[in-house]
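J.: Spelled out from the first residue to the last, the chains are:
2 protein chains.
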Amino acid sequence: MTYCVAIAVKAGIIFCSDSRTNAGVDQISTYSKMSHFGKDGERQFVVLSAGNLATTQAVINQLKNDIKQNAGSHLLNIPSLNEAAEYLGRISVTQQEKYGSGPIHEASFIIGGQIAGASHQIMMIYPQGNFITSSVDTPYLQIGESKYGKPILDRIIEPNIELNTAALCALVSMDSTMRSNLTVGPPIEVTVYEGGTQLSNRHYRLEQESSYLYDLNHAWDERLKAAFSSLPPIQWADIAHHEPENKEL
Amino acid sequence: MTYCVAIAVKAGIIFCSDSRTNAGVDQISTYSKMSHFGKDGERQFVVLSAGNLATTQAVINQLKNDIKQNAGSHLLNIPSLNEAAEYLGRISVTQQEKYGSGPIHEASFIIGGQIAGASHQIMMIYPQGNFITSSVDTPYLQIGESKYGKPILDRIIEPNIELNTAALCALVSMDSTMRSNLTVGPPIEVTVYEGGTQLSNRHYRLEQESSYLYDLNHAWDERLKAAFSSLPPIQWADIAHHEPENKEL
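Residue numbers (the numbering used here), protein chains in the order written: chain A, 1 to 249; chain B, 1 to 249.
No wet-lab data here; the hints were simulated from the structure. Using N, Cα and C, we set each Cβ at its ideal position, and we do this for glycine too. Incorrect hints may have been included.
As the list claims (entries may be wrong) - One side only, chain A facing chain B, incomplete, derived with CB under 7 angstroms:
1) Lys-98
2) Arg-205
3) Ala-227
4) His-242
With these hints in hand, go ahead and build the complete structure from the sequences.
T.: Below is the structure:
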């Protein structure tokens with residue numbers, strides 16, 4: 001399984017991905033799911049991928065080959081992020097269909113970044129090749145095992161938070177996902193993109209034995225438990241007692 | 001969609017279910033997913049149901065009819081909770097197959113309770129009719145939309161907590177689920193079963209406009225945000241900077 005999240009706030013974008021892949025729980029490997037494309041000062045893209053590993057690798061390879069061969073459209077000459085998402089979607093559909101059809105070959109992607117002169121943005125590309133962007137109300141996109149880590153994003157992320165807060169929230173979201181799904185796991189990769197810079201210079205990688213991941217895991221666990229303990233106890237008297245209709249004596 | 005959870009601790013069992021059903025988001029209705037069967041002082045069972053509404057209603061009806069007609073095995077004469085789960089599984093499979101096959105007719109159930117002389121226990125019945133129970137390490141079972149509400153259960157529930165704490169945790173788990181999935185919604189039903197009593201006398205129902213649900217929702221939101229704010233800020237210097245291999249310039 002996989003969990004990737006991209007958070008677009010006014011200050012920039014946080015990209016965060018795990019690195020575990022599995023074909024059954026007895027065949028687990030480590031692969032990066034984050035790729036970078038760009039020219040410093042002119043444009044930067046980060047691509048996150050989830051789904052069939054053969055498909056996602058084939059797609060990333062084609063993105064690279066198109067640049068090397070300078071063949072028509074590629075990520076270093078495409079005029080907008082919107083067209084980049086469309087281009088990525090076309091490649092993804094082609095690669096999925098190459099070895100047969102069906103959900104087993106499916107893959108989804110997030111592409112985000114900035115071309116000088118345009119705003120920074122993130123897009124999520126469905127297996128069908130179509131795509132959506134984030135919004136002021138939902139300033140993040142997820143692919144893979146997204147449910148466990150969604151509640152904290154919904155509560156914390158809004159467009160005015162700082163990049164450091166968004167990064168911390170992405171890591172907490174990743175921590176909740178790893179706790180509940182063993183097939184999502186370290187190393188965790190984080191890229192911090194500072195809006196308006198078109199620079200790709202802040203990449204971080206947290207290994208399995210990272211003391212920061214360990215400390216964050218414990219700190220969050222402790223604080224969540226304390227938050228729960230501080231809730232007012234149930235006052236049953238305040239809740240309507242109810243004689244259920246589905247009662248068969 | 002549906003979310004139901006049963007928590008079995010030493011002191012007894014908490015059952016909690018939402019009441020929203022939907023066939024598409026434009027066809028939403030309210031149905032109880034919690035049914036009670038028992039004889040005070042002798043045995044008590046609670047059945048929670050998720051999945052195809054026609055299937056779950058047919059199953060609950062048959063459970064009732066078997067009692068009315070006193071036909072062979074039924075919930076008021078079956079000798080153990082294990083056999084009750086097996087019986088419920090057989091009925092479920094029969095009803096699922098009656099109108100065609102495939103996942104659209106699927107249903108899953110939780111049955112829990114106690115027969116005098118045996119311990120109280122909970123069982124989850126898969127659409128295939130087989131079933132599992134809870135354990136000391138995982139003292140709860142969920143059916144339906146289970147992922148959003150799982151992280152808080154994993155952190156709080158252990159066999160020695162009080163019934164009131166387990167009930168509060170079930171409601172927080174329900175709150176997180178309702179926040180993330182609009183097709184899970186009130187009224188929320190809660191049954192508190194006090195172990196060793198074989199009594200069915202603590203049923204509660206929280207309506208959409210329940211001030212307790214509203215207060216709990218706000219209190220939990222506020223405390224989660226405070227918990228997040230109190231995390232130590234990211235010290236990027238403590239995290240290894242990393243030059244990614246998937247970097248195409």
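J.: All hints are to be evaluated individually against the structure, with a verdict given for each.
T.: Here is how each hint holds up against the structure:
1. With a cut of 7 angstroms, the hint placing Lys-98(A) at the interface with chain B is violated, because the nearest CB-to-CB distance is about 21 angstroms.
2. Contact between Arg-205(A) and chain B, as hinted, is supported at the beta carbon level, the nearest pair being about 4 angstroms apart and thus within 7 angstroms.
3. A hinted interface residue such as Ala-227(A) counts as satisfied when its beta carbon comes closer than 7 angstroms to some beta carbon of chain B; here the least separation is about 4 angstroms, so the hint holds.
4. Using the Cβ-Cβ criterion of 7 angstroms, the hint placing His-242(A) at the interface with chain B is satisfied: the shortest such distance is roughly 4 angstroms.
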